[in-house]
Amino acid sequence: MESWILTLAVFSPLVGAAVMLLWPKEDESSLKGIALIASLASAATGVWILFNFDFDHTGTLQFVVDKSWIDVINSRYIVGLDGISLPLLLLSQLVMVLVIVYSWNHFPEPHNPKAFLILMLVLEVGMNGTFVAQDLILFFVFFEIVLLPMYFMIGVWGGPDRQYAAIKFFLFTLFGSALMILSFLAVFFLADGTAGGAEVVRTFDMRALSGGGAVASIARSTQLWIFGGMFIGFAIKVPMFPFHTWLPDAHTEAPTQGSVILAAILLKLGTYGFVRIAIPILPDAAEEWAPWIGLLAVVGIIYGALGCLAQTDMKRLIAFSSIAHMGFVMLGIATLTDFGINAAVFGMVAHGLITGMLFFLAGSVKERYHTLELSRLGGLLVQAPKMGWILGFCAMASLGLPGLAGFWGEFPAILSAYNPAEGLPVETFRTFMVVAALGTVLAAGYLLWMLQRTAFGTPSEEFAEQQIHDVNTPEWIAWTPLLVLILAFGVYPHAIFRVTDGAVTALLGG
Amino acid sequence: MLLNQFLVLSAVLFCTGVYGVIARRNGVLVLMSVELILNAVNINFVAFAYWHGDVSGQVFALFVITVAAAEVGIGLAIVLLIYRNRSSIDLGQMEQLRG
Amino acid sequence: MTTMLENVWVIPAIPFATFWGILFFGKRLPHKGAELGIGALSLCFALSLVTGAAWIDRVDNPPVSDHTTEQATEHATGGSEIDGTEHAQVAGGDSGTGIGVLGAAAIEEAEEHIAVDAVVQQWTWWQNGGIEFTVGTMVDGLTAMMLLVVTVVSLLVHIYSTDYVGGDRRYTHFFAFLSLFSASMLMLVMAENTLQMIVGWELVGLCSFVLIGHWWEEKPNSDAALKAFLTNRVGDIGMLIGVITLFFAANQTWSIVEINSMANAGQISHTALLVASLCLTAAVMSKSGQFFLHTWLPDAMAGPTPVSALIHAATMVVAGVFMVARLYGVFWDGFSIGTSNINVLAVVGGFTTIVGGVLAFVQADIKKVLAYSTISQLGYMVMALGVGAWTAGLFHLFTHAFFKACLFLGSGSVSHAVHSFDMVKDMGGMRKWMPHTFRTFMIGSIALAGIPPLAGFWSKDEILAGASQLGGGGDGYPVVLVMGFITAGLTAAYMTRCVYLTFFGEYRGHTPVEKLHESGPRITLPLWILAGLAIVAGLANLPGDSIVPDGWALRFEHFVEPTGAYFPAISHPHFSGLTALVSIAVAGLGVAIGYAFYFRQLGPHGLTQRSTVAKAGYTFLENRYYLDHLYTGVIAGGTKGPIARAAYWTNQNIIDGIVNGVGISARRIGLWVYDKIDQGIVDGTVNGLGLGAGAGGEVLRETQTGRVQQYASVLFGSTLVLALVIALVIV
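Residue numbers (my numbering), protein chains in the order written: chain S, 1 to 510; chain L, 1 to 99; chain P, 1 to 731.
None of these hints come from the bench; they were simulated from the model.
For every residue, glycine included, the Cβ atom is placed at its ideal position computed from N, Cα and C.
Everything hinted at is true.
Below, a sample of chain P positions facing chain L; criterion: calculated Cβ distance under 8 Å:
no. : residue
1   : 706
2   : 712
3   : 713
So here's chain S without its partners, still in its complex pose (with noise of 0.2 Å):
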């Protein structure tokens, strides 16, 4: 049994910080040489995976350990990755080693590399912890893992308003992880673990949980409750309209490393837990809470998108353009069908390496302009061409053009609108099938406006005679790896789908 290696995957980043936490702080390049190294294993153990994974039954947790854990609430310490989680583990793994290499010569003030790549490797344990967690506590253990990294990195290394904004991050999160747990421990309590077996079992166990046999016996009323509060649990984290606000703040403040993880990792534990744990274990409170969940969604992507063509700062404009982005992804989930949460899952990954990449660029800008203001900027494509084209391509990623990995999350969440699982309001669902199709012309009207502002036309007189140094060589590493995947998924969407299809196909046929 090759079972540690989920184990090695998610607990070498704390490795790494265990020794970085000894090091002498002035010794940065041994630092960075750690932290590389051990963002660089939990890779490794990805690739690993990568190979050894059976990809013929994606449906099926591989890789699981089970060791008894907490025995007085009987919460175990269950690991496992199937098809669902394998794309997503890889990707925060892959964007953390980005981002760590990016970090080499871009550390945001207040400097002190040892404890902003401390933070990090920690929030790399608890993204890794989260996607193959198979316990309810256990993944609430590494959901909430993430916030206090998080929360500092805005805080210490944000911009001028970054205590306001981690702040409010912080608390947001937390309300949602409140009424979370609180789903959680009404779900022990009152669920059967072993689905009408002669003894009753409570249990954390995702995995017995699943399938709705286990609520089976709890009353409808409760079960609408109960995923109520895991809803507005993953809701926040994701965020759909209207919990959202902590996001444009946490973005404009945070630094690029922050946002790109923010962006690329971060909001998928939201609606990850919406496909991994809310759906399966309540799928009978998921149907009827379905068409608000949708309702949100498209809310979401034209409010999103008209936040968008607000906005005068190009940070903050991306932020909002996630909003909209991940409104495709809910959307996807709201249809329950096997076909549109497909698309979520390949509508996060899309987004994560899109939009982390937009958020590389923005920093990167905002490091060679010292401002992000659009009405400022101008001509990028004649002071840094290089980086002016990469901007081009990856708006044109964003917007859903066809060939490029954008389009693959929201053509087929669009799609599968069309025809929702059995159930739901079929009419319903086509209204909102042609108003995310609306939120397509939004999305290419803010983002080209956006390019025409930074990237077109001649740089303004106060940045005409600067010396802009184009992309340099960490910009390169770790920009490269993103975009050569943007194109790849977008080619070759199959690479991701057949990893989910199957998974998704289990997790909703049980």
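Let chain S serve as the given structure and place chains L and P on it in line with the hints.
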């Protein structure tokens, strides 16, 4: 046996104690006033115990005396430390706990 | 030969490869990457010729064995050839039998009955949730024809561009994106399924965006690029929804052949087809510049002229027309084209021809004249498809590509000399200095005006014949027929004006006369080739009905029009001498009016100089002047003057205003929502909760004085109150 006389005495003692706690500024005097309040209660306990013919009140009084001894011990130690630190035991100046 | 039909995917693959080649290595090559592009397109052109020949061969010698082998072939697995003959059975046509015994002469007669199916190749691209997505190629006459058109024009534009944008700062990028465009367009025309079509559709849009904005340093250029992309995105909503509707209506298939076959066989509900057709019409309106989503096309002239010729005249803008032609089974049933006398597609097309034609009058910019003319001609094509004259519409697409590309490249050649596109201020009399450009431009104009025997006449005449003869009850489509005739006259007249202002009269430009010169061979050679094609292209579909030998007539219809079950049973208009005569007469009239007005300075020019009373009688008596006045002054002048200006004003202010207004108000709404609702209410609630808690704490904090004795008094006081309450209430 007149219960009233005991109760009157205890009420007088209690009121004196309350006055002392609220109005005096000297820390030691406040502690002593607290003692007065406690002892007023003790008198009541004993008086009622005798009146009802039940010893539990007297047992309680003994407990109170013990606790009061401990209390006054700690209280005086605190007052002493305050005096060492601030050269004063005026409670009117003690506002470090202000919110 | 047949191998080419099955491996046609290499044609788009070649320019796609050169795109990356030019992008990454172009700058290091001796000719900065242009040679890669030209080489690739030459190869593509050669392969397209082979494909075309293979297809002609297939039509003339239909593969008899198809019927039997097809049954044996595995259908759904990747890589297998699907000939679609089985769909012939769906439609009920017993097509495959007996071809072998038919003589060569009999094939002509029997061609209505012989189903030569498209050669379809497909591979599984990806699958999930039980839905399979394939990618593949589909070759039939339509594809072969489009391949030829795209590669010819693209190759010539490549050659032309080496001179025209020579020395440009982004010369290499220009060629890279020409390659990408060619690849996308070629991929679009051979798409086997609707999804692939969307991919190609969006990619050509991207290339259009990049190339319109080629000189993005100037804001108007990038504005035009944005406008083009966004307007097309609006239509793309229709495309997305239409394709999705078709996908579900046709039992979850993307395959064009299957969707069409099912639509023809009546297996898809009429409502679904109608909805899909309407949605797809929106896509046509944006991509092919139909009224009222056409406003981006004139603006798109901000791009370099070769781009206008290739993308905004010959190829990309006809993608909409191509899409309708491809999914004709859907539109045929959805709009009841065969049985109605008016439908959305025909009216959109018909209206657009007039709108475009009228607007072409008031332009001073030669490229804008051609742009509006393109809109007008695209309207003809859409109208043709709307009335059921499939072949005529596609034939017009074919001829139009050549003569319009010729005209655009010619206008570029002129502007090369005078450094301007303004006919009124900077041109005039150019025929003296630019003989080659002048002659080719004249040929293009005559072809466009529809004067026989040049290309435009034949295709336009077929459209008009279709509009008069097809439709329900043999009544034709009277409304759009009238529109078609009006536009025929308009076209001739505005082209006369354009030619006059550019090549005749006095030179009005600012470039010194000594510096005026004919363009180099790399510009004139493509011009002459295109002009030659503009002359002969019309011969590809000479009218039938034994007017010319059978071996010559209706070749285009014979080879291009699909005959398989995936194509509806359309009827064909006959050649009508009357229609042809009227069309020639109207065109001639247009030219005559234009000639009189501009070349002879007749009409209202002289009117101001005449004395009032006597001359008025004289005019009244002089029949000729009276008619001139009527035609030029009232009709042409009125059309050219107030009506066209009003239309243009409407166009620029109202329709364009709405487009801009929607953009601006979307931003305003965005601002408002952001300010008031997002920052105010939603965020306000969140902040309010926090502030409320804080304020509450602030109040309570006052009671926390830190004075032990104060606490004690409160304690005793409250005990007293409690004691009193107990005493009063309980005792």
